[in-house]
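Trainee: Here is how the chains run, residue by residue.
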Amino acid sequence: MELLPPFHVATPGSIAAAVAAGQDHAASRFIAGGTDLMVNLRHGIGDPATLIDLRGIPELRHVSAEPDGLVIGAAVTLAELAEHPAVASRYPAIATAAAAVGAPAHRAAGTVGGNLCLDTRCIFYNRSAWWREANGFCLKYQGDTCHVAPTGKRCHAAFSGDLAPALLVHAAEIDIAGPGGVRRQPLAELYAEDGAAHLSLAPGEFLVRVVVAADPWPASYAKARARGAIDFPLAGVAVALRRSGEEVDGLRVALTGTNARPFLLAGTDALLGAPVSPAWLDRLGRLVQKQVSPMRTTLLAAQYRRRVAAALAQRLAATLGGLDAVGRAA
Amino acid sequence: MSQTAKRVRAFRLNGRAHEVLVADNVLLLDTLREALGLTGTKRGCDGGECGACTVLIDGTPRLACLTRTEECEGHGVETIEGLVENGRMSRLQRAFHERLGTQCGYCTPGMVMAAEGLLRRNPDPSAAEIRAALAGNICRCTGYVKIVEAIEDAARGAP
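Protein chains in written order, with our numbering: chain F, 1 to 330; chain D, 1 to 159.
Extracted from the complex, chain F is given alone in its bound form (with noise of 0.2 angstroms):
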């Protein structure tokens, strides 16, 4: 692989430094476990002249897991979160969701904000210099034609962080970071359904910390992918469902690896007051495909990820619902 472009790494020891190193360097990018940015960097995406390293910052080493609620720093590696004693006993899909995304190696060094705010994935952007100019690159970088429906007029690339869907349930947010001061904002707000613009932090902004509220409802996170570890999601779904005696009264469904951004499934209030049944997960499941729209942007088939991503939204809520994987009585 190609060597690193050249750069100079800063290391502010706290937040307002930090704001103050992305005014100062203009074409900087933030950093923190680097196990995403470093390899497209090696493949010639990005040129930046300073790489801001924030994991100096102590607000955003920590993860406190308190009676009023979950709060995550930004650069709590994803290994920290997974194994953290009060995240795996009371927000399992969050804990699960950590431990999911690559190796022990990619987990110890990688991070809560570097999953949320990851770059998103397609065959035809994730490959060396040489191999994207011999293609005439794309539409997401330095290109003009996606690759993946060229006829269409925005890039398609997939979001494939796994963490963010298990947040989404959980209805958490944001605090960002940036010139005008740090704001508090919805996490599904960060995102857009571009893969080539699908974040939408301002430049000089980065992410600070997650917070999650006390008492979540019960929920678990699942992803397909080609091999049992290392693998990005071909899809991925959280699912937080919480009952009311027998009938279901709050659902959240989230999706990763599909579309160019994590999303809430819009439609769930329909599918509340009534029992999880198998006719009831018929419904959800023809939910979770009408709104998925997974391209051909990794090695499986488009329509494989559509009908993964039902059928794994459909095996949460049965087990969820008190129903066996499968959504058979228990």
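Keep in mind that the hints were calculated from the coordinates and are not lab data.
Among these hints, one or two may not hold up.
Claimed, not checked - Partner residues aside, some chain D positions facing chain F, computed with beta carbon under 7 angstroms: (1) Thr-4; (2) Asn-25; (3) Gly-47; (4) Gly-48; (5) Pro-61; (6) Arg-62; (7) Leu-63; (8) Leu-66; (9) Glu-70; (10) Glu-81; (11) His-97; (12) Ala-133; (13) Ala-135.
Note that beta-carbon positions come from the ideal geometry of N, C-alpha and C, so glycine has one too.
For chain F, the structure is supplied; the task is to place chain D on it using the hints.
Mentor: Positioned in the frame of chain F, the structure of chain D alone reads:
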């Protein structure tokens, strides 16, 4: 290779204090292999997918092909060369040898370092825990069975 200014970076390497003069954009893998001559750490996929370049940083398995040398400043780096005890292979290395946990050998340093990280944290791992710890290390020869057996042997104190 770079217009980036070089700086002296100090870290512990296999238990000894080391200083290297290196630019910010130089990977740990290149420093180990090219500058320090420690070629036991292998360059496999070179993109964070195969585990052949696994080293320990502060006792935790990390990929040297995704780690910049400057990140190691003030930390402890261990490579396969550091496992040798008085000129002899460590128990874990001997177990790989005795159990035929190595065939072509290219993945072996990474496998051994990932296993070493596991055994320090969990001296008596189950087979499932061993497989989970090696989930990022790819071997095209052994089929993994002999590797897992070697690590089980090393944990039990054999050979």
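Trainee: So, Gly-48 of chain D near chain F? Judge it on the closest CB pair being under 7 angstroms.
Mentor: Where the cut-off is 7 angstroms and the nearest Cβ of chain F is about 6 angstroms from Gly-48 of chain D, the hint holds.
Trainee: Given a cut of 7 angstroms on the nearest C-beta pair, is the interface hint for Glu-70 of chain D held or broken against chain F?
Mentor: Hint holds; Glu-70 of chain D Cβ to chain F Cβ min 6 angstroms, cut 7 angstroms.
Trainee: Would you check whether His-97 of chain D satisfies its interface hint, that is, whether its CB is within less than 7 angstroms of any CB in chain F?
Mentor: At about 24 angstroms, which exceeds the 7 angstroms cut-off, the nearest Cβ of chain F leaves the hint on His-97 of chain D violated.
Trainee: Does Arg-62 of chain D pass the interface check with chain F, least Cβ-Cβ distance below 7 angstroms?
Mentor: holds, 5 angstroms
Trainee: Can the hint on Ala-135 of chain D be confirmed by a CB-to-CB distance to chain F that is less than 7 angstroms?
Mentor: holds, 3 angstroms
Trainee: With chain F as the partner, please determine if Thr-4 of chain D meets the hint condition of a C-beta pair closer than 7 angstroms.
Mentor: holds, 5 angstroms
Trainee: Regarding the hint that Leu-66 of chain D lies at the interface with chain F, is the smallest CB-CB distance below 7 angstroms?
Mentor: holds, 5 angstroms
Trainee: Quick one, is the Gly-47 of chain D hint okay against chain F at 7 angstroms, beta carbons?
Mentor: Nearest chain F Cβ about 5 angstroms off; hint holds.
Trainee: With chain F as the partner, please determine if Asn-25 of chain D meets the hint condition of a C-beta pair closer than 7 angstroms.
Mentor: Check passed: Cβ of Asn-25 of chain D comes within 4 angstroms of chain F, closer than 7 angstroms.
Trainee: With a cut-off of 7 angstroms, does the beta carbon of Leu-63 of chain D approach a beta carbon of chain F closely enough for the hint to hold?
Mentor: holds, 5 angstroms
Trainee: Taking the closest Cβ pair, is Glu-81 of chain D under 7 angstroms from chain F?
Mentor: violated, 19 angstroms
Trainee: Using 7 angstroms as the Cβ threshold, decide whether Ala-133 of chain D counts as touching chain F.
Mentor: holds, 6 angstroms
The structure is inconsistent with the numbered hints 10 and 11, although it conforms to all the rest.
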